[in-house]
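Asks: Please take these sequences and the hints and turn them into a complete structure.
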Amino acid sequence: MNINHKDGLKLNKMEKKFLRKQSKARHVLLKHEGIQAVSYPTQSLVVANGGLGNGVSRKQLLLALEKCGPMEALLMPPSKPYAFVVFKTIEESKKAYAALNGKEIIDDLGQKIILYLNFVEKAQWKKLGLQALPPGLLVVEEIISSEDEKMLLESVNWTGDTDNQNFQKSLKHRRVKHFGYEFHYENNTVDKDKPLPGGLPDICNSILEKWLKEGYIKHKPDQLTINQYEPGHGIPAHIDTHSAFEDEIISLSLGSVLIVMDFKHPEGVTVQVMLPRRSLLVMTGESRYLWTHGITPRKFDTVQASEQFKGGIITSDIGDLTLSKRGIRTSFTFRKVRHVPCNCSYTSVCDRQRKATSPCLPESSKEAWQLEREHVHRVYDLIARHFSSTRHSPWPRIVEFLKALPSGSIVADIGCGNGKYLGINKELYMIGCDRSQNLVDICRERQFQALVCDALSVPFRSGCFDACISIAVIHHFSTVERRVAALQELTRLLRPGGQALIYVWAMEQEYKNQKSSYLRGSKTSHEDKKEINSDTSTEELLENQMPDGGSEDLASSVPSTVNIKEEGCKPRKVELPVHTNRTCFHSQDVLVPWHLKGNPGKDKAVEPFGLAGCPDPSPVFHRYYHVFCDGELEASCQALGDVSILKSYYDQGNWCVVLQKV
Amino acid sequence: MRSVRSFRFRPRELPSGNMKLLTHNLLSSHVRGVGTRGFPLRLQATEVRINPVEFNPDFVARMIPKVEWAALVQAADTLNLAEVPKEPTEGYEHDETFLRKMHHVLLEVDVLEGTLQCPESGRLFPISRGIPNMLLNDEETET
Chain A
194 MNINHKDGLK LNKMEKKFLR KQSKARHVLL KHEGIQAVSY PTQSLVVANG GLGNGVSRKQ
254 LLLALEKCGP MEALLMPPSK PYAFVVFKTI EESKKAYAAL NGKEIIDDLG QKIILYLNFV
314 EKAQWKKLGL QALPPGLLVV EEIISSEDEK MLLESVNWTG DTDNQNFQKS LKHRRVKHFG
374 YEFHYENNTV DKDKPLPGGL PDICNSILEK WLKEGYIKHK PDQLTINQYE PGHGIPAHID
434 THSAFEDEII SLSLGSVLIV MDFKHPEGVT VQVMLPRRSL LVMTGESRYL WTHGITPRKF
494 DTVQASEQFK GGIITSDIGD LTLSKRGIRT SFTFRKVRHV PCNCSYTSVC DRQRKATSPC
554 LPESSKEAWQ LEREHVHRVY DLIARHFSST RHSPWPRIVE FLKALPSGSI VADIGCGNGK
614 YLGINKELYM IGCDRSQNLV DICRERQFQA LVCDALSVPF RSGCFDACIS IAVIHHFSTV
674 ERRVAALQEL TRLLRPGGQA LIYVWAMEQE YKNQKSSYLR GSKTSHEDKK EINSDTSTEE
734 LLENQMPDGG SEDLASSVPS TVNIKEEGCK PRKVELPVHT NRTCFHSQDV LVPWHLKGNP
794 GKDKAVEPFG LAGCPDPSPV FHRYYHVFCD GELEASCQAL GDVSILKSYY DQGNWCVVLQ
854 KV
Chain B
10 MRSVRSFRFR PRELPSGNMK LLTHNLLSSH VRGVGTRGFP LRLQATEVRI NPVEFNPDFV
70 ARMIPKVEWA ALVQAADTLN LAEVPKEPTE GYEHDETFLR KMHHVLLEVD VLEGTLQCPE
130 SGRLFPISRG IPNMLLNDEE TET
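Line by line, the protein sequences are chains A and B. In case it helps, the working numbering puts the first sequence at residues 194 to 855. In case it helps, the working numbering puts the second sequence at residues 10 to 152.
There are no misleading hints in this set.
One side only, chain B facing chain A, incomplete, derived with CB under 7 Å: (1) 68; (2) 75; (3) 140.
No lab work stands behind these hints: they were computed from the structure. Glycine is no exception: its CB is placed at the ideal position from the N, C-alpha and C atoms.
Replies: Pasting the structure below:
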């Protein structure tokens, strides 16, 4: 009796524990997955702890369940710690409940797992992305019928029609066709003044009218881009150019299976949105203007559903649900061309509003030092370490100049940077000056005499230096007056007979039929640039449907044109173009990108020229340069009066002069 | 050499690019309008270090003609260094004692922390971690 009593107690304890756990499983399933368990028997069961996400394989579960009777469906959502099983009859499902609830199985790691079963009304769970769709985003499922889908797909004439303006060569990852207006991939915009003849296809017009009436869309689009993606094709993350298109952008997904589109917020949040077949994606507001969207080139997407899966409907196909194989997907993206300037509140990613504040050539000394402060001083301070690491090889002709100086000479290096030349000749007393505290710090670490000052106002007494050098400095001054003033300071420091060596970046990067090492991209190139920007081929440029000044790569691969009288800029102001690294200069006044590598962790307030001003792990900075033409440096020196030019030459993409104070 | 008790002495470290008196001798205030009256900058040091540098008599000899003596004497005095000759002696190029003294004063005294003051305008420029910061602010540079 005693033993029985004891056993009874034991069982109760275990029972109680088990019930608690089962209840907890129910609670978790409801709270986190939206799965509602019911207390009465149904055909469907949820098997907690029996999922792919916790190491239980389909095979295992099948083995356990088969004995209970024929199943209608076994759904195992990937990465989830549960599965659904649906039986033909409630009887069978009750059998399964009795047999498996509390049963111990071994997972793929050999660990013991206990299954907790509960009855559910439907084999349904929260869909991907539904919890937190980007604001303004809507996915309308089954917006057109299969017949209409067939009609639309068949209406697209991909072959032939080479004289048809709508036809576009196949891009790297996909085929495209435009209607209404042609989309230009070089600058990601349309030519508003040149509509394509024919407008949108009639079949589309009637569908659009329908959607307007039904309230799915608010505006009638006038531009259509048809994209066809084969498995493995994708589209890089981008925001559709603000200035090209109005707010509402809609995209109809046809053809295969469901695909996953990645939406990314500048602060890093990523939402994966499932686009089932025959669904319409509507992007407005924040989702259109601020979030980027893209499709990763993949052959399979990890989705929760099979090809036949729709919503919470149970299918009879017990296929493999872990991976969704991509088929050919065709998208019809409808947009309305914008004719009025974009005035959205997402200014950091708005190409129209950014243009208004983009740097222009200065027209006063105040504007000049403001430009230099923003695009020379601030940048060098931020990139100092990285910059220094790329400046290690002294240029031979400069070394030659320094070594030729008599022992005991006092020499100033104006704009010494990281002190590359301060230790070349130990027989000299060299003092370095630079505008950047961070660079001067590096000089000090290297045991060189250095101080922080401005090259326009060097704090030394006049006429006491035997020699000066100014290497790659004067081209950072943004007006001719300031450049001459810098040269004036150099000569002021010299004693009579003293010499100055000046190097500035040349406009002509190809001289006497020889490309400079900057263009060739060799290690000993003009600025020893270790990092190479994207060597984008034209094909890749076409492929990347990216906004102006968007990602890091784009900033250097698509030079924005010099716009005079650009709306937003004051009249007559010349906007500074962004130069493409390792190419020829097209303008004397440019912004040259610097891609910061290494750990910018210390720089808290780094505001790179990146997408939406977000903490980009690899920011780009723009440095201002005025590159010199042949003879320009000489002419500036001649204007000084108390100097004579001893030498004038071209060295690896630089114009160079040796002056002597008379 | 007299002891320099008024300054905080650091243990001998690896040499680094702190401001030397030869450099100070070349510095001049560039505050607008002061011109030559901006020299010499009045040195105040709160942290000084003696940093041995290899003696090169020829090198020192070549520096001598470039030195502004009054300024050097003044600076050395502020730092309580041993008496510096008020001018080079006759035949100094071969006077090793003299040269060694000058070598020490010009090249071996490191100023780590302190200020440089414009004698005409009173404007102070900081020396921090051995680096003088001679930048004028935006209002001062605006023409």
